[in-house]
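When you get a sec, could you build the whole thing from the sequences and use the hints?
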Amino acid sequence: MRHSPLGLSTSQAANALGVSLGTIRRWADMGYLESYRTPGGQRRFSVEQIEQFLETLQQRRAGQHQHQERLVS
148 MRHSPLGLST SQAANALGVS LGTIRRWADM GYLESYRTPG GQRRFSVEQI EQFLETLQQR
208 RAGQHQHQER LVS
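Numbering of the sequence shown is given in this note's numbering, commencing with residue 148 and proceeding in unit increments.
Calculated directly from the structure, the hints in this document are not laboratory data.
Ideal placement from N, C-alpha and C gives every residue a C-beta, glycine not left out.
Treat the hints with care, as some may be off.
[As the list claims (entries may be wrong)] Derived Cβ-Cβ restraints for the label pairs, each shown as a range: (1) P186 x Q206: 31 to 39 angstroms; (2) G210 x R184: 32 to 40 angstroms; (3) S167 x T203: 15 to 23 angstroms; (4) T185 x G210: 31 to 39 angstroms; (5) P186 x R208: 30 to 38 angstroms; (6) D176 x P152: 35 to 43 angstroms; (7) G165 x T185: 20 to 28 angstroms; (8) V166 x G187: 34 to 42 angstroms.
So this is what it looks like as structure tokens:
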């Protein structure tokens, strides 16, 4: 993925996290992700923040998967 010096676009952030554009916008509006607006009004996200958020999502998903396995066993 090419990284702009301005950060990731909403579309790039959504693709990196495997969620929809609407989810990225909602998470930003709720304060889960920090973004800033370009002079043209587009949201931008830092690569580092998206990478950290992705790690957190993966850890939570792994924890849920382990919990489900224990329930089935």
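Structure-based check of all given hints:
{"no.": "1", "hint": "P186 x Q206: 31 to 39 angstroms", "result": "holds (36 angstroms)"}
{"no.": "2", "hint": "G210 x R184: 32 to 40 angstroms", "result": "holds (34 angstroms)"}
{"no.": "3", "hint": "S167 x T203: 15 to 23 angstroms", "result": "holds (18 angstroms)"}
{"no.": "4", "hint": "T185 x G210: 31 to 39 angstroms", "result": "holds (36 angstroms)"}
{"no.": "5", "hint": "P186 x R208: 30 to 38 angstroms", "result": "holds (36 angstroms)"}
{"no.": "6", "hint": "D176 x P152: 35 to 43 angstroms", "result": "violated (25 angstroms)"}
{"no.": "7", "hint": "G165 x T185: 20 to 28 angstroms", "result": "holds (24 angstroms)"}
{"no.": "8", "hint": "V166 x G187: 34 to 42 angstroms", "result": "violated (23 angstroms)"}
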